[in-house]
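A.B. asks: Chain residues, written in single-letter form:
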Amino acid sequence: MKIKNIFSILIILLFNISIIYFFNTKIFSIPPLGKFLDPFNGYLYLSNSDNLPKNDILLEQLTDSVTIVWDDLRIPHIFSKNESDLYFAQGYIMARDRLWQMEFQTIVAEGRLSEIIGINALQIDKFHRRIGIKYGALNSLNAIKNDTIIYNMLNSFSSGINTYIENLNERTKPLEYKILDYYPEKWSPYKTFLILKYMAWTLSGKSSDLAYSKLLNQFNLKTINELFPLIPYNVDPIIPKNTTFNFKDVNIPNAPDSFYVSNPFQSSLLYEPIDGFSNNWVVSKDLSIYNKPIIASDPHLSLTLPSVWYGMHLNDTNQNVIGVTIPGAPGIIMGCNDSIAWAETNGYDDVMDWYDIYFKDKSMNEYYYDNDWHTTDKVVEKFHIRNSQTFYDTITYTKHGPVVWDYDYQTLSIGAKSAKGSRPRQAAMGRALRWQAHDGTNEIRTFYEINNAKNYNDFVNALEWFVCPGQNFAYVDENNISMWHAGSPPIKWKEQGRYIGDGRDPKYEWGELIPHNHKAHIKNPKQGFLSSANQHPSDGEYPYYLSETFWPSFRAIKINEVLSTSTKHTLESMQNLQNDNTNMLALTILPHMINAINSSDLNEIEYKLFSKIKNWNYNNNKNLIEPTIFDLWYNKINEKTWEDDLGKRDEYTMWPQIDKLSELIEYDKSSIWFDNKHTSIKENFDNISLNAFSDIVKIIYQNNLENQWQWGNYQETNITHLAKIPGLGETNLYTSGGLWTVNATTKEFGPSWRSIIIMDNPKIIKGIYPGGQSGFPGSKYYDNMIQDWVKGKLYDLEFSSDKNNINGHKINLISKINDN
Amino acid sequence: MIIKSIIFILISIIIQLNAVNWFNVLIFSSIIGIGSNSYNQSIYLGFIIGFFPWLLQFIIKYKESILLLERVANIFYLNSSILLIIFSIIFITILSIMVSISSFHIKKLLKNGKR
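Respectively, the protein sequence lines represent chains A and B.
All residue numbers for the first sequence refer to my numbering, where the first residue is 906 and numbers rise by one.
All residue numbers for the second sequence refer to my numbering, where the first residue is 306 and numbers rise by one.
Among the hints, erroneous ones may be present.
Claimed, not checked - Sample of chain A residues with no beta-carbon within 10 Å of chain B, all distances over it, derived:
(1) L963
(2) Y1361
(3) E1383
(4) Q1480
(5) T1487
(6) S1504
(7) F1515
(8) D1555
(9) K1574
(10) E1703
Stated by the list, open to error - Partner residues are not named here, just some residues of chain B that face chain A (Cβ under 7 Å, in silico):
(11) Q362
(12) N379
(13) I380
Keep in mind that the hints were calculated from the coordinates and are not lab data.
Note that CB positions come from ideal geometry on N, CA and C, so glycine has one too.
Please work from the sequences and hints to get the whole structure.
C.D. replies: Here it is, written out as structure tokens:
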């Protein structure tokens, strides 16, 4: 045979093999096309995967049979004869609907995304490992090994998930595994802790210490406290005003004589605003038309598909509980049982502090603390990167936690947006993170005990286990209402942790935890209702320092106003309040903004817009254009007020909360902060308001916003897919609400779960979330609730301790063939 | 030829129903290509064993998979599920023809080499 022919044959064979290899491999973000498009084995194989099983399922790990009833919303009602089988079935059924979501969250939390996505995810992986999510999860796992109840609960739950995984294969694995081309791993209790710690990061992951330290370099303490008051002027606290706290033995350490001043620029830790805010409230039976207490809640989180929450009803011989949980976590996080109902909002306690660490030398083997050198611990983290070389990162641990930032060369590598502003510094320094989620805490025990709680005392005892992140727990039973600002933050001196701390000085170290009976709480207040909307827990009477920042009180003011003015509340009035679109910021400052403008100073176009907003009813209705004008206008005023004094907002620079601007507008229109220091004339609020209005009119017309500026178009809520896979989210939702309304629906955040429970007999339980029970994008239950959620509707949730009272599709999970 | 074609289509379907790897159909195309008597025949057979099984499978599954097809079409920025189906069928058909024709070519080269 001619060599030419042999060569041709080899080329052709190589070409054919290359074709197969190429289309069998994920290239960048494109799925492996051959595998994926194949209608026999690819995505189309999953067409029926969401159908409910027709027959009983044999699961040998069960000790007894378990009945599952799926109702019309696809909420599974699980009836078991013992606790072990209950959590096993919960894991199995949850995995059936949400396995990919559960596992993907653990992969992100553990800093392993680059194993799936490739090199582009390395920065975020390094950041997640350095801040210690994995470290905290391992500590919690070790801590619960002595708690047999929780240890067994987690193992049963994991076993249920693993049984589901074991029955999967390349054909049947969920859609996203096919798109991203990987395979599910075995589940373990460690993964559940990863999810909970990641949730803690979402809810307590603020690091404004950096920005505050920058302010400390620029201004004196008086100015900082003026701009960033610990208690805002219009605070409407969670624990009603003038409540006294008669705690005995309050021991608060003394603050240092002066605060340590760090140079914030020498690291690139992001200033990350918290992205979890929420409402909940309770109404006593005296204010309820049903003569029974009512609880309402709507936690606002980043909106994603598959949904953040998963609805479930769990029943065994000891408990009968319904509500929502986070996929990957056992039990019920928010809901009600036969005796009580509860709901959480984010508490905003500052449980994340940064410390400057002074090392002996570049080796970082020793660091200085309390007049002595101490040895560091080092852990080498290994990063497997898809289609790339393995990467190693050594993380140094001190008594203040992991060193998130060390040398300049690592600055960019830990997830910073840029190295802007960083400059060389003595190499033997680093910045460590003390975060309460690093500790071996056991929050699952709280939910386990609440799920089983029979009364208020059980509930209070359960909260003692809850450490991080701080949450406001609203409570009702047939006769009582209560609110607990729970979590176990450390006792701090006033403003401890507001600025980057001195890692050498023991005074900056955290003290004991606040005693359980000293946590801010109240039961059955005279006013007959309680609410929380992430605002300050008290009006300043509470003796312990919790945080420098809470969410402004605007939502809380509206909620409390409605709850206090209506004599008897109904389901409808509660629902209306959840969907209330009154823009409370506008209600407070817009009259002043309008009064500042003399209409004769406006040109024709400006006058047209001015006339519109002048007659606005402060409602952030999606069809109106006024909310858009107001949003642009106040943001421009905010910018004109602070940018000249504090600089452009970035990771080092924050501006005062909006309630500070609102205070100045209401009470100090001639404040020096309104003066633009770059001009020769002295501006006041009136000048700023007019200039800002002229600017935004130009923006509106230059960008042709006038044809698409209805609030629903401007705000445009997007529910994106968790892995940002295009086409698997729901975008361009036309929504009302906003940041300063009780209905806090915004571009990417919003009420991730709305619920109202009336403690009648039987209970009236309503709920909805923006998504659906199924995590499978080809299912009608993937997003079936979204349009009704946009409309503000609620669904009836079926609840009974008798499985025969639940309507729906019923099967049994059986432990042996003749089981029944 | 019609019966032969139907038999090949049926074999292709059976292979794809039972094999986990999508590229088994290409291996079959390759075998068919080697067995072909001319370029035209290899193109024809490559076409039918690539085109028809996928088309039939999409037709059978279409009704119960419409939501899924729409979602997946969106992933590829296609406006409709029909476009996704057309794209998929063209994709496998081209590959099948390419493999079949190249296999026939190899056979031809081997034959030439023996002479």
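A.B. asks: Work down the list of hints and note, for each, if the structure agrees.
C.D. replies: Verification of the supplied hints:
no. : hint  : verdict
1   : L963  : 24 Å, holds
2   : Y1361 : 46 Å, holds
3   : E1383 : 43 Å, holds
4   : Q1480 : 30 Å, holds
5   : T1487 : 36 Å, holds
6   : S1504 : 48 Å, holds
7   : F1515 : 42 Å, holds
8   : D1555 : 34 Å, holds
9   : K1574 : 51 Å, holds
10  : E1703 : 25 Å, holds
11  : Q362  : 4 Å, holds
12  : N379  : 3 Å, holds
13  : I380  : 4 Å, holds
Checked against the numbered hints above, the structure violates none of them.
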